[in-house]
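Bring the two chains, given one by one in their own frames, into a single complex with the hints.
Residue numbers (our numbering), protein chains in the order written: chain G, 707 to 1054; chain D, 10 to 357.
No lab work stands behind these hints: they were computed from the structure.
Beta carbons are placed, not taken as given, at the ideal position from N, Cα and C, and that holds for glycine.
Just so you know, not all the hints are guaranteed correct.
To be verified - No more than 20 Å apart at the CA atoms, straight line, and that leaves these computed lysine to aspartate or glutamate pairs for EDC-like:
#: 1; chain 1: D; residue 1: Lys267; chain 2: D; residue 2: Asp285
#: 2; chain 1: G; residue 1: Lys874; chain 2: D; residue 2: Asp263
#: 3; chain 1: D; residue 1: Lys242; chain 2: G; residue 2: Asp759
#: 4; chain 1: D; residue 1: Lys284; chain 2: G; residue 2: Asp875
#: 5; chain 1: G; residue 1: Lys882; chain 2: D; residue 2: Asp263
#: 6; chain 1: D; residue 1: Lys284; chain 2: D; residue 2: Asp240
#: 7; chain 1: D; residue 1: Lys267; chain 2: G; residue 2: Asp759
#: 8; chain 1: D; residue 1: Lys242; chain 2: D; residue 2: Asp170
#: 9; chain 1: D; residue 1: Lys267; chain 2: D; residue 2: Asp170
#: 10; chain 1: G; residue 1: Lys750; chain 2: D; residue 2: Asp122
#: 11; chain 1: G; residue 1: Lys804; chain 2: G; residue 2: Asp871
#: 12; chain 1: G; residue 1: Lys882; chain 2: D; residue 2: Asp285
#: 13; chain 1: D; residue 1: Lys213; chain 2: D; residue 2: Glu202
#: 14; chain 1: D; residue 1: Lys75; chain 2: G; residue 2: Asp865
#: 15; chain 1: G; residue 1: Lys804; chain 2: D; residue 2: Asp356
#: 16; chain 1: D; residue 1: Lys267; chain 2: D; residue 2: Asp178
#: 17; chain 1: D; residue 1: Lys75; chain 2: D; residue 2: Asp99
#: 18; chain 1: D; residue 1: Lys265; chain 2: G; residue 2: Asp875
#: 19; chain 1: D; residue 1: Lys284; chain 2: G; residue 2: Asp871
#: 20; chain 1: G; residue 1: Lys874; chain 2: D; residue 2: Asp170
#: 21; chain 1: G; residue 1: Lys874; chain 2: D; residue 2: Asp240
What the hints assert, rightly or not - Computed beta-carbon distance windows for the label pairs:
#: 22; chain 1: G; residue 1: Val1029; chain 2: D; residue 2: Glu124; range: 18 to 26 Å
#: 23; chain 1: G; residue 1: Ile853; chain 2: D; residue 2: Glu124; range: 24 to 32 Å
#: 24; chain 1: D; residue 1: Asn193; chain 2: G; residue 2: Asp865; range: 18 to 26 Å
#: 25; chain 1: G; residue 1: Ile749; chain 2: D; residue 2: Glu124; range: 50 to 58 Å
#: 26; chain 1: G; residue 1: Gly863; chain 2: D; residue 2: Asn193; range: 17 to 25 Å
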Amino acid sequence: MSDTLLVEPSAVSPTKRIVGELLRSREIAVGAVFVLVVALTTIKSPSFLFSHDGWRDLLLTPCLLLILAVGQTVVIITRNVDLSVGSTLGLTAYFTGKLFSDHPGIPIVAVFVLGLLFGAALGLVNGLLVSIFRVPALVITLGTLYIYRGIFLTWAGSDRINAGDMPKDFLALGTKTILTIPVLTIIGLVVLAAVGHYLYTARGGRELYAIGSDPDAAVLYGLPVSKRIVGAFVLCGALAGLAGVVYTARYGTVSSNAGLGMELQAVGAAVIGGVAIFGGSGTVWGAAIGAFLLVTINRALPVVGISDFWQRAVVGALIIAAVVLDRFFSARQERRLVAAREEMRNAR
Amino acid sequence: MKIRNRRVSALAAVTLVASLALTACGGDDSDSGDDSSGSSGGGGDATSVTFLPKNLGNPYFDTSSKGGKAAVDEFGGTFEEVGPDTASPDAQVQFINTAAQQGVNALVVSANDPEAICDALDEASSAGTKIVTFDSDTNPECRDLFINQATAEGIAKAQVDLIAEQIGDAGEVAILSAAANATNQNAWIEMMEADLKENHPDIKLVDTVYGDDDDQTSFDKTAALLQSHPDLKGIISPTTVGIAAAARYLSTSDFKGKVSLTGLGTPNQMREYVKDGTVTAFALWNPEDLGYLAAYAAKALVDGDISGEEGDTFEAGKLGEFTVDADATVLLGEPYVFNADNIDDFDF
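Chain D with its partners taken away, still in its complex shape (with noise of 0.2 Å):
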């Protein structure tokens, strides 16, 4: 027992330790930066964009990074793509420190915590670095720039305009949210409802279920809504795990083909359905543009183009010209439609 005990204590003596000299590392600028990435650091004519996503090996950002990558190539940059393995809130602050001490220009970031990489951000800032934020921001002192990939209001009313034309723009339709309290679909559901009042009179929303972001839950939802109303012809589902299940389920249902289904869905759950003609389109923004417009937005801030004040312009390559909005945002534009003839071009 006794050994034991003190084995038990050893470990933990050398855990402590251990996770003490990581802390100093991670912690300490002065430390000479020849990481093992041994990236020979900014500066020189070419400006240097490193992309830290929330975590690697995730098919979003994979393709996100694609975009970015496309855009640097463009303009002549070097870039770099670096992060954690999964998506917990400071496993990305040692990513950060790395590439402030190499000194890269650009720093575009999608932060896990809007809270927990702002000390990290800080300091990169202050080396030089120029922060901007894609996806998922920080809060607003912390960057220099967020590219948002899509308003509330674009998210709701490019999913009622779909159902609508889906439907003839009249009839029953429902829709099938994530959990009950879940913010962004009750922001979307409130912003639809209004939209279908307002602009679509012959549209009926009969009913609003819940399948809590749960294949199972969302599944069986859907059955119990074309039990329910028989006469439903179409089912708007703003999150991708709903519309998934939902798709499963009327793929194998003798609705398939009479009630349309969309929503907010990824190409890679989506492409089943969508090929065996389950659904016809649905909406989510393009993380390849995503990723395009922010190394675009990063590179005019390297090159002092903007500022991050409101009513700043640039050029974002084969996207056009973008303007700045308040609180240093920039709107990469209405939701992206996808469908048969477009599904095949995405892999994530």
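Only chain G is shown next, with the shape it has when bound in the complex (with noise of 0.2 Å):
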């Protein structure tokens, strides 16, 4: 044992620090570019902000995706991921069509507890899986997305469900506002500021990065590693359930292609934001703001011009550069610790 620290405390102010690190962060770097997109495309169409529709529509469209997002940055920090999502979401909004056409009259409020629950169930299944064969979790998932899919087409086959099988009240809940801000939004923040708080909080919060950082080490520590994985899928599959009901009350309509592809769209937000794909770093914050900036960008491109088929390319971009930025900056900062403890050697 020596009394030497690997890492100096910095010498920097801490102001100066606060400063920097600010700068650094990938939350306000991807912040800073869904503000400007935003402000480019008012420039050109200033109803795109300033609208009824417009500022609705700017908080309402992501907060499907958001919820999602936050589902899956929660798995990905662990060190897995959820591919079956959007599966699960689609199922569970059929089931909420289904709940309202074969119950009349029942309350709205059971319709999203029930959501949340068959959600959770789908989840359950997942984190089960992943944890007792211990197999990679994108097999597994990848395995579920194609059942749950296939267990939805089986249910609804060509039969879909119309805004007139559901009650107004639920419907007119797709674009209620508070204060101008949706309630659906609304149900996207509490969710996020939850689960935001319970990670960089709560003790098993952060036992899911130490999970994700290194696996081995968290088993050999004795953390319940098993426990905090189900529990992870856990809580993916009861948001995505949660986006199902938030799903139909938005769009209307549910037939069987709904949700198709979603789980890239969470896990393309994720990172983003800035959460790594290998797992124990990230925030709920980042992946957040990283829906709302992929969702924007799909609904600015066209109005500003670009053609539909170019739109994907730029998501894709998008991706790539938030990646090939993290692999930068992380390989930057592994060259300066290992100067640093040269440097210290050297010192000795």
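Now the structure itself:
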């Protein structure tokens, strides 16, 4: 045991450090891009921000992906991934519609709770499979992606849920606002705040990071790895279920392709927001801003006049840029730490 | 491990034997025809007509079978409806075989695949059953007659006429299509463009966007259309998914009642939006009439009034007289326009 620290406390003043950290933080960077996109689009077409529809859509459209991305982030932090969320969302959305058409008069709150539980059950299946068989989550959830979609196709067939099948109050929830903030967005933000707080402060949340940083060390250290991973998948499934209910309220129609491909958008939002795909780092705040950016760019590009065919390419470029940037910064960080260690050795 | 292996192979063997037995059953014509359906075979005086839709439990085909049954009742025949649960290509084969064994006079089919059911239809045909296809055709040599719901020209013209009427024949319109490579939609769009240029010089087509026949994408594209073209007066959506999604967005936006929407939709999807005033009229063919006409055409074939030659004519009850066109097809007529007055007469 030597009494010299591996890394000396920073000699930079605290204010400077905080400012520097903020400048380097991914959340701020992505947020700035988001603001830039909104500003540029608004200059081109003021109604993008200032009309009633524009303001509402700006807040409302991302909330579906926001909820999915928060759940996905919790799973990715543990060095897993959940590719089944799109299918879970679709299946729950159909389940929601069926609840209304088969049980007229069912309270809306009950439908939200049942949707959450239904999604949680699907997530539990993922979690148990991953932690019992110790197979990469990528493979397990790719399997359940198809299985859940298959169940959905068998259940729904060519049937679809139409707006007429659901109560007016529920559909109105899709656009209802409180102080110009859409209710569905408020739901999304409450979820974000709760999960963000848990990950940042709670023991369980910190353990998720520890597991993702080094799963073997987490086992050796005695962390309840399986339990935490199952928990992460259940949370992710439950949020995908919630997103399913939100989907139904927002779009008013559910057919068997609901949520198709959403899982990749959720992963994309998390990655853009600075969540490392190999786990252990990243925040739900970042993922949330990533979701806002991803959705808003998709909405802004046609307004700016970029053709349909280029829009996907822009999203792809954004994801790649985010990952390359990550790689660049972590390599620089690594070089610095190595240099610091060498310096200390030489000094000794 | 060994036991498990043995079990697996036993299971595989059983499955194999079972599937062999099933195929044998399906393919064997000489089997005595007393199936569980227990129909007393064809012949006799009454014309027996069997409807075989793509799948059962599909409101669209429930409606066409309703029309078929009405026609068969009118001319005093016997009507039966059979079909698979899912619309997979070869699922219809066993039903065709059964109908042929029962010796029904005519089989009215909506083909799940133009090729896959051809052999079975040929066998039924050589057993003396007349084959009529409707809604979805097989290869022309596999059937006696095809009842075509609408021509591409008719569909394109109906939509242009509707939008012209709704916006007063002047102003900006846009098209919300299915996927960018959807064959039908692209053919219609081309014809609509030509029709607009020729007959409606004051209507300007400003944009064509693609919703990929996905509720969510179509919904978001509608929002983008309204954002990027503030002077837009009308939207044409020649796809049932697109028009419902666009209607949902419009119904909750400031543009409700200001921007007209029309296209191809089904009454169940659109009922809500026709009633709340978002949409005044949209088009599609009437599946009930389609089934009705198919049944009368089948009867005419069985009676020998027509043989499928071009120029043959026959009476179809309340729909009047029809002429067989080239390639042994019969056209139902102009698309049917649904509006607030008639939408409640339909349930599909």
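Hint numbers contradicted by this structure: Hints 6, 10, 17, 20, 21 and 22 not satisfied by this model.
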